[in-house]
Amino acid sequence: MTGGRWRQGWRELRRYPSALLGLAIIAALVALALATPIAIPYGEALAKWRGSEAWQRNPVNAAPLWLDRLTGGDAPHTLVVESASAPVEEHAFAGGRRLRIPLAFDYEAGGFPSELNLFLHAPGHAQPPFARLTWRTPDGRELGLGGYRIGARERIALSQDRALERRLDGLVPHIGLLAEPGSAAAPGAEPRVLPGRYTLRLDVLVFDEAAACDAELVLYGRVHGIAGTDHQRRDLALALMWGTPVALAFGLLAAVGTTVTTLVIAAVGVWYRGWVDATIQRLTEVNMILPILPILVMVGTLYSTSIWLMLGVVVVLGIFSAGIKMYRAMLLPIREAPYIEAARAYGASNARIVLRYLIPRILPVLIPTFVTLIPTFVFLEASLAVLGLGDPLLPTWGKVLNDAQSQSALYNGYYYWVISPAVLLMLTGLGFAMLGFALDRVFNPRLRSL
Amino acid sequence: MTSSPAHGADDQAPLIAARDLHTWFELRQWGFLRVGAVRAVDGVEFALAPGEAVAFVGESGCGKSTLARTLLGLHRPTRGEVRFAGRSLGELQGRALKAYRAEVGYVQQDPYGALPPFLDVRRILAEPLIVHGVRDRAERERRIRAALEEVRLSPAEAFLNQFPHMLSGGQQQRVVIARALILAPRLLIADEPVSMLDASVRVEILELLRHIQRERGLTLAFITHDLSTVRHYAERIFVMYAGRVVESAPVDDLLDHPQHPYTQALLAAIADPDAANATRLREVPAGEPPSLLHPPAACRFHPRCPHFMAGLCDVEDPPDFSPRRDHRSACWLHR
Numbered sequence: 001m002t003g004g005r006w007r008q009g010w011r012e013l014r015r016y017p018s019a020l021l022g023l024a025i026i027a028a029l030v031a032l033a034l035a036t037p038i039a040i041p042y043g044e045a046l047a048k049w050r051g052s053e054a055w056q057r058n059p060v061n062a063a064p065l066w067l068d069r070l071t072g073g074d075a076p077h078t079l080v081v082e083s084a085s086a087p088v089e090e091h092a093f094a095g096g097r098r099l100r101i102p103l104a105f106d107y108e109a110g111g112f113p114s115e116l117n118l119f120l121h122a123p124g125h126a127q128p129p130f131a132r133l134t135w136r137t138p139d140g141r142e143l144g145l146g147g148y149r150i151g152a153r154e155r156i157a158l159s160q161d162r163a164l165e166r167r168l169d170g171l172v173p174h175i176g177l178l179a180e181p182g183s184a185a186a187p188g189a190e191p192r193v194l195p196g197r198y199t200l201r202l203d204v205l206v207f208d209e210a211a212a213c214d215a216e217l218v219l220y221g222r223v224h225g226i227a228g229t230d231h232q233r234r235d236l237a238l239a240l241m242w243g244t245p246v247a248l249a250f251g252l253l254a255a256v257g258t259t260v261t262t263l264v265i266a267a268v269g270v271w272y273r274g275w276v277d278a279t280i281q282r283l284t285e286v287n288m289i290l291p292i293l294p295i296l297v298m299v300g301t302l303y304s305t306s307i308w309l310m311l312g313v314v315v316v317l318g319i320f321s322a323g324i325k326m327y328r329a330m331l332l333p334i335r336e337a338p339y340i341e342a343a344r345a346y347g348a349s350n351a352r353i354v355l356r357y358l359i360p361r362i363l364p365v366l367i368p369t370f371v372t373l374i375p376t377f378v379f380l381e382a383s384l385a386v387l388g389l390g391d392p393l394l395p396t397w398g399k400v401l402n403d404a405q406s407q408s409a410l411y412n413g414y415y416y417w418v419i420s421p422a423v424l425l426m427l428t429g430l431g432f433a434m435l436g437f438a439l440d441r442v443f444n445p446r447l448r449s450l
Numbered sequence: 001m002t003s004s005p006a007h008g009a010d011d012q013a014p015l016i017a018a019r020d021l022h023t024w025f026e027l028r029q030w031g032f033l034r035v036g037a038v039r040a041v042d043g044v045e046f047a048l049a050p051g052e053a054v055a056f057v058g059e060s061g062c063g064k065s066t067l068a069r070t071l072l073g074l075h076r077p078t079r080g081e082v083r084f085a086g087r088s089l090g091e092l093q094g095r096a097l098k099a100y101r102a103e104v105g106y107v108q109q110d111p112y113g114a115l116p117p118f119l120d121v122r123r124i125l126a127e128p129l130i131v132h133g134v135r136d137r138a139e140r141e142r143r144i145r146a147a148l149e150e151v152r153l154s155p156a157e158a159f160l161n162q163f164p165h166m167l168s169g170g171q172q173q174r175v176v177i178a179r180a181l182i183l184a185p186r187l188l189i190a191d192e193p194v195s196m197l198d199a200s201v202r203v204e205i206l207e208l209l210r211h212i213q214r215e216r217g218l219t220l221a222f223i224t225h226d227l228s229t230v231r232h233y234a235e236r237i238f239v240m241y242a243g244r245v246v247e248s249a250p251v252d253d254l255l256d257h258p259q260h261p262y263t264q265a266l267l268a269a270i271a272d273p274d275a276a277n278a279t280r281l282r283e284v285p286a287g288e289p290p291s292l293l294h295p296p297a298a299c300r301f302h303p304r305c306p307h308f309m310a311g312l313c314d315v316e317d318p319p320d321f322s323p324r325r326d327h328r329s330a331c332w333l334h335r
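So the sequences go chain by chain: P and R.
First residue of the first sequence: 1, per UniProt numbering; consecutive thereafter.
First residue of the second sequence: 1, per UniProt numbering; consecutive thereafter.
Okay, chain P solo, but in the shape it has when bound:
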């Protein structure tokens, strides 16, 4: 229990592979927690997570890339075809120009895209331009997709064009437009992709001198990034990454807050005895039967679900927790130690005795408890978020789970949506638990097996 003891403790700890694995997991989580705010600043993360145009080129409910790898499939990635790189032809006429924009792309993926959108961008027009769309397949068929009057920002949701769907024998456009003709004609047959070069030709009429028109065709894939996307096209990686610092900070602050206050209060009670101790004991007993989760739910429902308020409530309710009983039992014999008497004899103050002589004596024994306490608070925060009491702004693991639950992710087969945050939570618990149990064996030699 000394400086030498700490070094010795570390030497002993290295003998436990579980401790090293736990430390590695914690180190990885901490590294992620430190890197995230640098990669995605706080404000940016909040703004993005609130929902924004940044996501509009993301597919809805796309699986993560690794899942596609694991299943060996060649699910389509998102394909964006921009007019900026297309050979645009221009023809002037009286009162305007005619632009021909061919958006050509090679489609070789094994599956169909999940959605098809065309974004048109035509700023600064007094009179809106007019566009006629023609779809050309690799086998030379041409299909008119109708004409549109274009605003400054236009999103043409081809996938939702019911009339087009009827013309494609009832296949939704993002399938029908890319299917081999007749492949779905037989009852029960699945449409097959016709690979090759497709072109969406835009014939745009603009009526202004300085006019321009940019087009962007997005064929949304079925996989996205390392974590997939949710129902609002948001990249789950953002929430999973930002969830790490939030979870670790919450767990650590709550563990530190409750342990330190509890320890000091227990030591004060043990030192002063009498009515001080009695009051602390009665408060603890009352507090021990207060159910913490319902109180948090109540605070969240009636007041605010801010994560920092929750942290405050957790710490306040944790002050007079059952730990006081344990610490008291550990401190009582130390109170009678001769070195405490010696300290009184040379005039050490009460505060000095409590903080410098009583508490340091049991700190090594508390380290394992403290380490295993951190994930319980991480889980508490996640539980609150799953119950819909997550922080309204911050993306956290619990909120991802909450979204997954409200969107029936498991019923819809979006397993990744539940598994990724759950795995991160379990890793956190596992890392701290493995380290904590090993520390327990190092610092409480009675538990050591021979």
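The hints are all genuine.
A few chain P residues facing chain R, derived, Cβ under 10 Å:
no., residue
1, A278
2, A345
3, G347
4, R356
5, Y357
6, P364
It is worth saying that the hints were derived from the structure and are not from the lab.
Glycine is no exception: its CB is placed at the ideal position from the N, C-alpha and C atoms.
Based on these hints, arrange chain R on the given structure of chain P.
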């Protein structure tokens, strides 16, 4: 009992004196019902002159350690008072009490327990200095080194960064003594300073204490249960029984001419150089040490006393008689 100016105190004002000192521990039931009191110190009277080394001797449970703690101001006397350099301990508050704590050094029985296991020697010795406002780090370091050299832990560098568990019992006790001395006290109270040490280092520690006491002109109150070690390390002996001082005299006079039956029994019980007697069960004085909760009436020793006089010893407290010069004994035999 009369207040008795003791040996050596005639020419000088006593450094520390106890008058009618009682320290009782009340026993309560349900937190408020008084059901009795443990009379650990029950009417002790003495005066120690500056520079004097005395020993308090008695069986375990006779109140020696409680007396030490009362002198240190760790227990409040139930009745009577301790006077240090003319001031009553009970009147000292705050700053004055703290100053008193610097005047009295305390050496405990268990050297390992007396040192906080999580601090190194430098820090252990720095603590009293910090508590007493020695802010200058260099000054502290100088005094710490000087204290270590004084208790013959030299070179000091070799010990400064050691933790208590890395030291031997004797070295630990030297650190305890250094800590007791670092505030330059005038009185040193040593409560069984060698009883937990190996026989091989006992004499060294006792010699060290005696040497420091002489060198610094300290008053040394040395508490022990072992009469055999007292002769060379104290000038005066107080024999305690059941919370009272039953006999006091200069060391040679007391050991050579014990007057009180209890002292006689104690002396009969100690070291007999004849090895053949080592195996003989020597339970002298016969009987149990008295209960401090329900002490015998009048003379506390009467149930075990070979000279018990019914109707006197169990009825009336014996006053201090003076059967020899400078020799006091509380026994009706000297009447």
